[in-house]
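Peer 1: Using the hints, position chain B against chain A.
One line per chain: the protein sequences are A and B, in this order.
Note that the first sequence covers residues 3 to 573 in the working numbering.
Note that the second sequence covers residues 327 to 573 in the working numbering.
For the record, the hints were derived by calculation from the structure and aren't laboratory data.
Some hints here could point you the wrong way.
Said to hold, decoys possible - Heads up, simulated EDC-like pairs for lysine to aspartate or glutamate below, C-alpha to C-alpha not over 16 Å straight-line: (1) A/Lys114 to A/Glu331; (2) B/Lys406 to A/Glu489; (3) A/Lys475 to B/Glu443.
Said to hold, decoys possible - A short, non-exhaustive set of chain B residues, derived as facing chain A with CB atoms under 10 Å: (4) Cys369; (5) Cys390; (6) Phe445; (7) Val473.
Said to hold, decoys possible - Rough simulated footprint, nothing fancy, chain B against chain A, three-plus residues with beta-carbon under 8 Å: (8) 254-267; (9) 296-309; (10) 442-453.
Quick caveat, the model's predicted, so the values are computed rather than measured.
Idealized CB from N, CA, C, for every residue including glycine.
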Amino acid sequence: MKKTILVCCGPGCIAYGGLDVAASFREQIATLKMDVKLETVIKQTGCHGFCSRGPLVRIMPDDITYYRVKPRDTEEILKSLDNKPVGRLLYHGVGGNILKQQETPFYSAQKKLALRNVGEIDPKNINDYKARGGYEALRKALTMEPEDIIAEIEKSGLRGRGGAGFPTGLKWRIAAEYDNFPKYVIMNGDEGDPGAFMDRALMEGDPHGVLEGVIICALAVGATKGYLYIRDEYALSLQSMKDALADAEKAGFLGDSILGSGRSLHIEVVRGGGAFVCGESTALIESIEGSIGEPRATFAYPTEQGLWNKPTIINNVETFINIPLIIDEGGAKFAETGTPTSKGTKVFSLAGKVRNSGLVEAPMGMTMRKIIFEIGGGIVGNRHFKAVQTGGPSGGALPESLLDLPIDFDTLVRYGSMMGSGGMIVMDDWTCMVAVAKYNIEFLAKESCGACVPCREGLRALSMILTRICEGKGEPVDLEIIKSICELLTQTSRCGLGKTAANPVMSTLKYFPEEYEEHIKEKRCRAGVCSMGRSTVVTDSADMAAIVAMAEAARKVSYGVQSKDKTGAES
Amino acid sequence: MNIVIDGKTCEARPGEYLWDTARRNGIDIPALCRHDALPGRGCCRLCIVENENAVGSRSVIVSCVFPVTEGLKIHTRSEKIIRFRRILLKLLIERAPQAEGVLLDYCREYGVAGNGELFNDNTNEKCILCNRCSRACQELGNSAIQVTQRGIDKIVASPFNEPSPDCIGCAACARVCPTGAIACTDTREQRTIWNKTFEMVKCAECGKPFATAEELEWMKPKILDFESNLAYCPRCRGRHVANSAMV
Chain A
3 MKKTILVCCG PGCIAYGGLD VAASFREQIA TLKMDVKLET VIKQTGCHGF CSRGPLVRIM
63 PDDITYYRVK PRDTEEILKS LDNKPVGRLL YHGVGGNILK QQETPFYSAQ KKLALRNVGE
123 IDPKNINDYK ARGGYEALRK ALTMEPEDII AEIEKSGLRG RGGAGFPTGL KWRIAAEYDN
183 FPKYVIMNGD EGDPGAFMDR ALMEGDPHGV LEGVIICALA VGATKGYLYI RDEYALSLQS
243 MKDALADAEK AGFLGDSILG SGRSLHIEVV RGGGAFVCGE STALIESIEG SIGEPRATFA
303 YPTEQGLWNK PTIINNVETF INIPLIIDEG GAKFAETGTP TSKGTKVFSL AGKVRNSGLV
363 EAPMGMTMRK IIFEIGGGIV GNRHFKAVQT GGPSGGALPE SLLDLPIDFD TLVRYGSMMG
423 SGGMIVMDDW TCMVAVAKYN IEFLAKESCG ACVPCREGLR ALSMILTRIC EGKGEPVDLE
483 IIKSICELLT QTSRCGLGKT AANPVMSTLK YFPEEYEEHI KEKRCRAGVC SMGRSTVVTD
543 SADMAAIVAM AEAARKVSYG VQSKDKTGAE S
Chain B
327 MNIVIDGKTC EARPGEYLWD TARRNGIDIP ALCRHDALPG RGCCRLCIVE NENAVGSRSV
387 IVSCVFPVTE GLKIHTRSEK IIRFRRILLK LLIERAPQAE GVLLDYCREY GVAGNGELFN
447 DNTNEKCILC NRCSRACQEL GNSAIQVTQR GIDKIVASPF NEPSPDCIGC AACARVCPTG
507 AIACTDTREQ RTIWNKTFEM VKCAECGKPF ATAEELEWMK PKILDFESNL AYCPRCRGRH
567 VANSAMV
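Chain A extracted, bound-state conformation:
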């Protein structure tokens, strides 16, 4: 019987040596050829999600998953293929070892719609995607009227996964109604939130799934030119999407006449300019046009005046990957999952002080408690949960009392945070919430485009004030200044970055006011994070040199390092 070995080669597992494991499997199969009777295929797949236990190796069709596999384990695994599984590499559950991925607590509560192919297929192989029903949705869409495609998307209740949650079907309908050609479709793959890697996993693990969504969108709105705007730091994603484009074009899914239908679509990849703000749709458009990546000041939406002032659809990677699924199975089926206002699932990147960090896909409406304590396995080192930051740097930190809130677009906004693109950073009681707010504000101050005054100068002021508070120099009046600047930011900024930039401060101020009070009145940081002006801070290079010398001396003592380097000179 033919067996397939899937080796996770997502960014996390590559860092843990996933590529070496895959190479070692190939080597071992070649040397053990005589002993192995089964045909084994090695596939380098996209991210399996369980990054904290990588590299992951999955044996199909037996569905056995091994964790933290090293190259030296590959021989043992290959020899065990028709015998007993290698026990020490399995997931150690409460009731013993667990063979199947789906049965581990990390996977069992998840529902994989967007990630349906990620980790299952070799992203470099278009036939793998086709074998799992890929491009069938496109064939179906070609037989449908654009109006019917849009109606199906509207029926699904799909909302934009980039953060704002605008109804996708409505967006497409608006763009489709303008009689102004050519129209454009843009995929926003400029994922920039610290600690977020959902879009990356999708582009690297299932590039054809994303691409198929883009093509169907173009058919629905009548676009003839597409752009895939991908963050330049994501070298793997860029390569993966470029390869997928070439393969799809060769197979006739793109080009002058898609599958002989006479409808044409040409797509090119645009490398992002390295700015967080270019994830904002109008800044992204400016960037593609070759201008500085600053959001536009106009009151017109891209659906009316987008790229080169033509109607343009911009959707997030995760939005697009849901499209083939909706066309395949129907909007009504998709709408069965989720809450009344937010349908389907959402991919989160679970990070921070949580045991099982990684990529998680949960149905909308799941509580944060379930995601963090069931899927995530609780807090590292059994410490106390303090807060979870959702929605990236411009989201908010929510306290334990709100953990039972269902996650959907509207609930999170109501409580001062937002869904954002799906980052979820868990913090324990060793985290200082003032320092967290300061970190996020400093990030935003550097990444703001700097065009409008409230955002540029307001964030500079907030960052200065928060720094003062963390250094123990805060005064009670500072909180009033913070509040008024936050109000200004929210109401007068030019784009979404500025309008949401106050969230990290306002939410920590609302849910953790006592920490601000302590910092300002008692000059005390309960988490022990802020120096409050007392600790020795390295200020000049002479101090630095002294500290390096001390560390060096300590190292020599503890490891017995000889004081000679390779050239024989005294160090």
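Peer 2: The following block gives chain B in isolation, referenced to the frame of chain A:
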């Protein structure tokens, strides 16, 4: 079409921005980045006003880039708008305590003062990053200067801060600057701007230096047959043209 601004019914023209409608109707809205000759940018945010919808709820909009539509109901000096403008002015004067001109007038009008020590350690700054200079340069077709960096590190500069080959020394940037932030030193012989020094051309009639050689070179193809007029300063040029017409 008609709109209501601060309770006054104003006649508005299709395609016009709200700020212009207000000005034509005698209602002054403060603005720093807006300039008649330049496309709207909406970055200083001083021209914010409140837009009241049919059910009476209000939202803040930016009047210099907001296209007028029939039946708008606008409040330009509500309590909230005044409060926001004061914070904006405070942020600006703290950023650029050495700024000259209209920013100071606004600060006086709104009762705001600052010395650059509150949120910043840079007390020598004049620039408020309104982008008038770079837009003027772009509109003239030279694009010798542009904003560079982003966020709180943003500045206006020539490429890599080196003398730009595209700069013709016309000093249009300095002329549109609302805060006197652009250093332009003129002597009888030379002009220095953006790290580049230009020779001045003197008027053939009165002898006054009036333009750089590069500027005149740039103007040449644009004025076709009147090349000889470029020898005169704008003031003498008029007299010269009139004289030659009478001959």
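Peer 1: Does the CB of B/Cys390 sit less than 10 Å away from some CB of chain A?
Peer 2: Because about 8 Å separates B/Cys390 from the closest Cβ in chain A, which is inside the 10 Å limit, the hint holds.
Peer 1: Please check whether the stretch 296-309 of chain A has three or more residues whose CB lies within less than 8 Å of a CB on chain B.
Peer 2: holds (count 3)
Peer 1: Does the CB of B/Phe445 sit less than 10 Å away from some CB of chain A?
Peer 2: 4 Å, holds
Peer 1: Checking hints one by one. Is B/Val473 an interface residue toward chain A, by the C-beta closer than 10 Å rule?
Peer 2: At 7 Å from the nearest chain A Cβ, B/Val473 passes the 10 Å test, so the hint holds.
Peer 1: Next pair to validate is A/Lys475 with B/Glu443; report whether the Cα-Cα distance is within 16 Å.
Peer 2: 15 Å, holds
Peer 1: Would the stated hint for B/Cys369 survive a check requiring a Cβ distance to chain A of less than 10 Å?
Peer 2: 5 Å, holds
Peer 1: Check, residue by residue, whether the stretch 442-453 of chain A contains three or more positions whose beta-carbon lies closer than 8 Å to a beta-carbon of chain B, and give the verdict.
Peer 2: As far as the stretch 442-453 of chain A goes, the hint holds, because 8 residues have Cβ atoms under 8 Å from chain B.
Peer 1: Quick check: the stretch 254-267 of chain A, covered by chain B? Criterion 3+ residues, Cβ under 8 Å.
Peer 2: Violated: only 0 residues of the stretch 254-267 of chain A have a Cβ under 8 Å from chain B.
Peer 1: Below or equal to 16 Å on CA atoms is what counts here, so check A/Lys114 against A/Glu331.
Peer 2: 15 Å, holds
Peer 1: Is the straight-line distance between the alpha-carbon of B/Lys406 and that of A/Glu489 16 Å or less?
Peer 2: With Cα atoms ~10 Å apart, B/Lys406 and A/Glu489 stay inside 16 Å; holds.
In summary, the structure is inconsistent with hint 8 from the numbered list given earlier, while agreeing with all the others.
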